[in-house]
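Chemist: Listed here are the chains, written in short residue letters.
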Amino acid sequence: MKAKIRVTLKSGVLDPQGKAIENALGSLGFSGVSDVRQGKYLEVDLDTSDEAEARTTVEAMCQKLLANTVIENYDIELDPA
Amino acid sequence: MKAHVIVFPGSNCDRDVAVSLGEAMGRPPEMLWHGETEIPETDLIVLPGGFSYGDYLRCGAIAAKSPIMRDVVKKAEAGTRVLGICNGFQVLTEAGLLPGVLMQNASLKYICRDVMIRVERTDTAFAGKYGNGGVLRIPIAHHEGNYNADDDTLDRLEGDGRVAFRYCTADGDPSAEANPNGSARNIAGIYNEAGTVLGLMPHPERLADPELGGTDGSPMFTSLVEALQ
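Chain order of the listed sequences is A and B. Add 2 to the 1-based position in the first sequence for the working numbering, that's all there is to it. Add 41 to the 1-based position in the second sequence for the working numbering, that's all there is to it.
Treat the hints with care, as some may be off.
Unchecked claim - Calculated cross-link-like contacts (lysine to any residue; reagent style SDA-like; alpha-carbon spacing at most 25 Å):
| no. | chain 1 | residue 1 | chain 2 | residue 2 |
| --- | --- | --- | --- | --- |
| 1 | A | K66 | B | E79 |
| 2 | B | K106 | A | L11 |
| 3 | A | K21 | A | R39 |
| 4 | B | K106 | A | A26 |
| 5 | B | K106 | A | N70 |
| 6 | B | K115 | B | G137 |
| 7 | A | K12 | A | E74 |
| 8 | A | K12 | B | Y97 |
| 9 | A | K66 | A | K21 |
| 10 | A | K66 | B | E77 |
| 11 | B | K106 | A | I23 |
| 12 | B | K150 | A | K66 |
| 13 | A | K12 | B | M72 |
| 14 | A | K21 | B | N189 |
| 15 | A | K42 | B | Y151 |
| 16 | B | K115 | B | M72 |
| 17 | B | K43 | B | T263 |
| 18 | A | K66 | B | E234 |
| 19 | A | K42 | B | E234 |
| 20 | A | K12 | B | K115 |
| 21 | B | K106 | A | D77 |
| 22 | A | K42 | B | F92 |
| 23 | A | K12 | B | A211 |
| 24 | B | K115 | A | A26 |
| 25 | A | K21 | B | M72 |
What the hints assert, rightly or not - Some residues of chain B that are not near chain A, with every Cβ distance over 10 Å (derived):
| no. | residue |
| --- | --- |
| 26 | K43 |
| 27 | L98 |
| 28 | V142 |
| 29 | G169 |
| 30 | K170 |
If you're looking for bench data, these hints aren't it; they were derived computationally from the structure. Heads up, the beta-carbon is just placed ideally off N, CA and C, and yes, glycines get one too.
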């Protein structure tokens, strides 16, 4: 089982990198771009085929280490392949 | 007084703080590798500045989960004084010993220069020697020093007098211009509820000897020695 985890800044948390990217996109001529947010993407291979177990494990990983829940949200996608 | 400096892979201010603290103590503190699981009897634990684990994932996140930290948390909760400087402050927030988070500087730039900070409290073991407070010149050197927390947490910190230091002008005005990194309410350092755990971004150990161009950092170390001996 592969877990695909996206960690993003909560809305309302200032994202200076996102802002810099947004400005760079603007200077490249991409108009109408707003609210660019940058985040992290992680892949974790798990030694289980049980989806419920995998979700519980990855949830705990996110809470304990992968995300700082003071400022970040996370989103878990499980891929049985 | 017994003191221990924790060394993580990537710590780079561990020896500086050991020299400054050792100067005040009259002998050097013990250095402890992060892989240890127990800290011997101690009065003060220092988490030094640096780039523990290369700042991977988030600054301080992996160090906060290293074996020694279980005992740091345990001892901190039992009242042992803990001082986290720069990366050490980041580790303390990631370990849950201090609230909030240190985000990337608002300017997106790494900042390495002296700043002025105002002493907000002098009734702790860390700041007793700062007398009536006042303004200190202390260097900062960080890319992630932008302190933030939700408004409720910030109000609680202010209400409980847990703001330790604030970025300010030379006159002590915590103005927006004097804020180097975008920190909420110009916060440069905070205490835990009991005032026994201090995290700050500025580096007192870097200006604690006349040969380094200043001594505004020294009273933090002499305060600790006086309070804990």
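Chemist: A separate judgement is required for each hint: does it hold in the structure or not?
Modeler: The hints, checked one at a time:
1. K66/A to E79/B: Answer holds: K66/A to E79/B is near 21 Å, not above 25 Å.
2. K106/B to L11/A: holds (22 Å)
3. K21/A to R39/A: holds (8 Å)
4. K106/B to A26/A: Between K106/B and A26/A the Cα gap is close to 36 Å, so the pair fails against 25 Å, i.e. violated.
5. K106/B to N70/A: holds (13 Å)
6. K115/B to G137/B: With Cα atoms ~12 Å apart, K115/B and G137/B stay inside 25 Å; holds.
7. K12/A to E74/A: The given pair, whose Cα atoms are some 5 Å apart, holds under the 25 Å limit.
8. K12/A to Y97/B: This hinted pair holds, its Cα atoms lying about 20 Å apart.
9. K66/A to K21/A: Violated: K66/A and K21/A sit about 28 Å apart, past 25 Å.
10. K66/A to E77/B: Satisfied, since the Cα-Cα distance of roughly 21 Å is no more than 25 Å.
11. K106/B to I23/A: violated (32 Å)
12. K150/B to K66/A: Cα-Cα ~29 Å, so violated.
13. K12/A to M72/B: violated (38 Å)
14. K21/A to N189/B: Judged against 25 Å, a Cα distance of about 18 Å means the pair holds.
15. K42/A to Y151/B: Holds, at roughly 21 Å.
16. K115/B to M72/B: holds (19 Å)
17. K43/B to T263/B: holds (14 Å)
18. K66/A to E234/B: holds (23 Å)
19. K42/A to E234/B: Violated, at roughly 33 Å.
20. K12/A to K115/B: violated (30 Å)
21. K106/B to D77/A: Given that 25 Å is the threshold and the Cα spacing comes to 22 Å, the pair holds.
22. K42/A to F92/B: holds (20 Å)
23. K12/A to A211/B: This hinted pair is violated, its Cα atoms lying about 35 Å apart.
24. K115/B to A26/A: Outside the cut-off at roughly 46 Å; violated.
25. K21/A to M72/B: With a Cα-Cα distance of about 41 Å, the restraint between K21/A and M72/B is violated, given a limit of 25 Å.
26. K43: holds (31 Å)
27. L98: violated (7 Å)
28. V142: violated (5 Å)
29. G169: The claim stands: G169/B keeps its Cβ more than 10 Å from every Cβ of chain A (closest is about 31 Å).
30. K170: Non-interface label stands for K170/B: nearest chain A Cβ at 33 Å, farther than 10 Å.
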